[in-house]
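Take a look at the letters that make up each chain.
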Amino acid sequence: MKTRITRRRFIQGSAATGVSLTLGGGVLGSFAENAFAEAAEASGVVAVTGSDGYRSAKAAVEAVGGISRFVPKGASVVINANTAFKHRGSIVSPDVLLATLELCAEAGAKEVVLLKGAKDGYWERCDRAEGRASLIAGARVSEREYEVVEVERGVALKEAHVDRHFLSADVYLDVAIAKHHKGCEFTGALKNTMGACPHDPTCRFFHVGSDPDPDSKDWYPDLDHMAQCIADLNTLRQPDLTILDAGEILVTNGPFGPGKLETPNAVVAATDMVAADAYAVRYLGLEPASVPMIAKAEEHGIGSSDLTAAGVREIVSG
Amino acid sequence: MNSIRTIAAVLAVALFSWGCAESPEPELVVEPSVPPLEAVAVPLDGWALDGEPQVVVGDELFELINGGAELYHQLGFVQAAAAEYVDDSGRAISLEVFEMGDIQGAREIFAEKSGGSGEPLDVGDEAAFEGYYLNARTGTYLITITGFETDEETTDAIVRLAESVVDALGARS
Numbered sequence: 001m002k003t004r005i006t007r008r009r010f011i012q013g014s015a016a017t018g019v020s021l022t023l024g025g026g027v028l029g030s031f032a033e034n035a036f037a038e039a040a041e042a043s044g045v046v047a048v049t050g051s052d053g054y055r056s057a058k059a060a061v062e063a064v065g066g067i068s069r070f071v072p073k074g075a076s077v078v079i080n081a082n083t084a085f086k087h088r089g090s091i092v093s094p095d096v097l098l099a100t101l102e103l104c105a106e107a108g109a110k111e112v113v114l115l116k117g118a119k120d121g122y123w124e125r126c127d128r129a130e131g132r133a134s135l136i137a138g139a140r141v142s143e144r145e146y147e148v149v150e151v152e153r154g155v156a157l158k159e160a161h162v163d164r165h166f167l168s169a170d171v172y173l174d175v176a177i178a179k180h181h182k183g184c185e186f187t188g189a190l191k192n193t194m195g196a197c198p199h200d201p202t203c204r205f206f207h208v209g210s211d212p213d214p215d216s217k218d219w220y221p222d223l224d225h226m227a228q229c230i231a232d233l234n235t236l237r238q239p240d241l242t243i244l245d246a247g248e249i250l251v252t253n254g255p256f257g258p259g260k261l262e263t264p265n266a267v268v269a270a271t272d273m274v275a276a277d278a279y280a281v282r283y284l285g286l287e288p289a290s291v292p293m294i295a296k297a298e299e300h301g302i303g304s305s306d307l308t309a310a311g312v313r314e315i316v317s318g
Numbered sequence: 001m002n003s004i005r006t007i008a009a010v011l012a013v014a015l016f017s018w019g020c021a022e023s024p025e026p027e028l029v030v031e032p033s034v035p036p037l038e039a040v041a042v043p044l045d046g047w048a049l050d051g052e053p054q055v056v057v058g059d060e061l062f063e064l065i066n067g068g069a070e071l072y073h074q075l076g077f078v079q080a081a082a083a084e085y086v087d088d089s090g091r092a093i094s095l096e097v098f099e100m101g102d103i104q105g106a107r108e109i110f111a112e113k114s115g116g117s118g119e120p121l122d123v124g125d126e127a128a129f130e131g132y133y134l135n136a137r138t139g140t141y142l143i144t145i146t147g148f149e150t151d152e153e154t155t156d157a158i159v160r161l162a163e164s165v166v167d168a169l170g171a172r173s
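Chains as they are written, first to last, in the numbering used here: chain A, 1 to 318; chain B, 1 to 173.
In isolation and in its complexed conformation, chain A is listed as follows (with noise of 0.2 Å):
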């Protein structure tokens, strides 16, 4: 049974940044209408609250235009998730990328790309799981083949090593997690594309730069330079829907874990990844600002930090 979603539950003005909305517990039906689309064209960033992330996932991308405006029929797509890691709040939730798969294939995506496989019982932690064995075995992993492409508006990166499939696919969908990273203080959709890139020698370029002092051991000795780094590789390519798992997230230890968890229990769906993030950060107790590589994204007009021109809804799901 479906449950239509009504103008009469539209509550605004709750949040500074744009307009909330609470909504019941038939709320995917709901969405699969459309029920309220003419109040997500005017939405740049949508974060639905809610203690399952699979339906929070579905109902914000729903609820920013919905996948078929991201995915169209026989695209092929490739996902960049934060599977890399297994510890709890270090990876995006198998509910939140089993329903991003679920709209590639109901927008009719001809193929799946993942840039990263999963660890090893990964999708043993999602019941749901069980039942879309096919959905995910037709999702492929890559075979890691990179491209050494120019990165012709980068300031300190100039040259990066990428996935073949980051480039070439139709669609790009960026599904990572918000957490704590020791770096940089928060890991999001920005920092997620270095999962495009091999550690060596891109990534690590972005760690120790081109002159590295051969006798320290660190790892962040700039972090001025990281923050430049992310943003001129996203000039390369910028997803077009960005998924951003808040749902349980390290907010010490990261990105590896394990650490201290918090569970804002949110899924956001943005088509601006500057502003996915710039958003986002308040899961970490900080702002934009605070976040050099948001600001450095902004800079080469990546995306927007201004979140009251984006266009923010909040939703909360029953």
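Certain hints may be false.
To be verified - Taking beta-carbon pairs under 7 Å as the criterion, some of the chain A residues facing chain B (in silico): (1) H87; (2) H199; (3) P255; (4) F256; (5) P258.
As the list claims (entries may be wrong) - Computed beta-carbon distance windows for the label pairs: (6) A:G74 <-> B:P43: 46 to 56 Å; (7) A:K73 <-> B:G116: 48 to 58 Å; (8) A:D120 <-> B:D45: 14 to 24 Å; (9) B:D45 <-> A:G74: 48 to 58 Å.
Rather than coming from a laboratory, the hints here were simulated on the basis of the structure. The beta carbon of each residue, even a glycine, is placed where N, CA and C say it ideally should be.
Place chain B on chain A using the hints.
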């Protein structure tokens, strides 16, 4: 297959180290010792190893923990071993043993990872349990054990496993 290659490479390095034992040149670089593989494959009553333990050396740490490797390298990382344990009810815990280049590096990584908080435990040289995970140090090793649940069965297994790993590492030295 990758882990087999890795283990073979580590053994080769260890054999090379033994072969160089009589070299007149003082060696300043910390060479990996025999990997603590047996320490991550200790029996744990009521639990079983899930899959093959993994061993990584040097920059291979990025294969294990991706960007999380930087901090360990900063503090003198040498090698690590990792394993997963599961019980009949589907509970899972992960074990990681990191060998650092010296005790000071191990102390610093323990301090970083435990954050000075948590419940102190009498395991190894120093240990702290916090909510769903445990960090312990014994000599140059940092042991990190993480549960995916916080129930009594899991937390009990985490502590027992830490004690067994400390014993195994102690028996090796």
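Could you check if H199 of chain A really has its C-beta closer than 7 Å to a C-beta on chain B?
With a minimum Cβ separation of about 4 Å from chain B (threshold 7 Å), the hint on H199 of chain A holds.
If I claimed the Cβ atoms of K73 of chain A and G116 of chain B lie 48 to 58 Å apart, would that claim hold in this structure?
Hint holds: Cβ distance 54 Å, inside 48 to 58 Å.
Does P258 of chain A hold up as a contact with chain B if the rule is Cβ-Cβ below 7 Å?
holds, 4 Å
Min Cβ distance, F256 of chain A to chain B: is it shorter than 7 Å?
holds, 2 Å
Could you check if H87 of chain A really has its C-beta closer than 7 Å to a C-beta on chain B?
Nearest chain B Cβ about 5 Å off; hint holds.
Honestly, do D45 of chain B and G74 of chain A meet the 48 to 58 Å range at C-beta?
Because 55 Å falls inside the window, the suggested range holds.
For the hint 14 to 24 Å, verify it against the beta carbon of D120 of chain A and that of D45 of chain B.
Between D120 of chain A and D45 of chain B, where Cβ atoms are some 23 Å apart, the hint holds.
Could one say that the CB atoms of G74 of chain A and P43 of chain B fall in the range 46 to 56 Å?
Holds: the Cβ-Cβ distance is about 53 Å, inside 46 to 56 Å.
Interface restraint verdict for P255 of chain A against chain B (beta-carbon cut-off 7 Å)
At about 5 Å, which falls below the 7 Å cut-off, the nearest Cβ of chain B leaves the hint on P255 of chain A intact, so it holds.
Going through the hint list in order, the structure satisfies each hint without exception.
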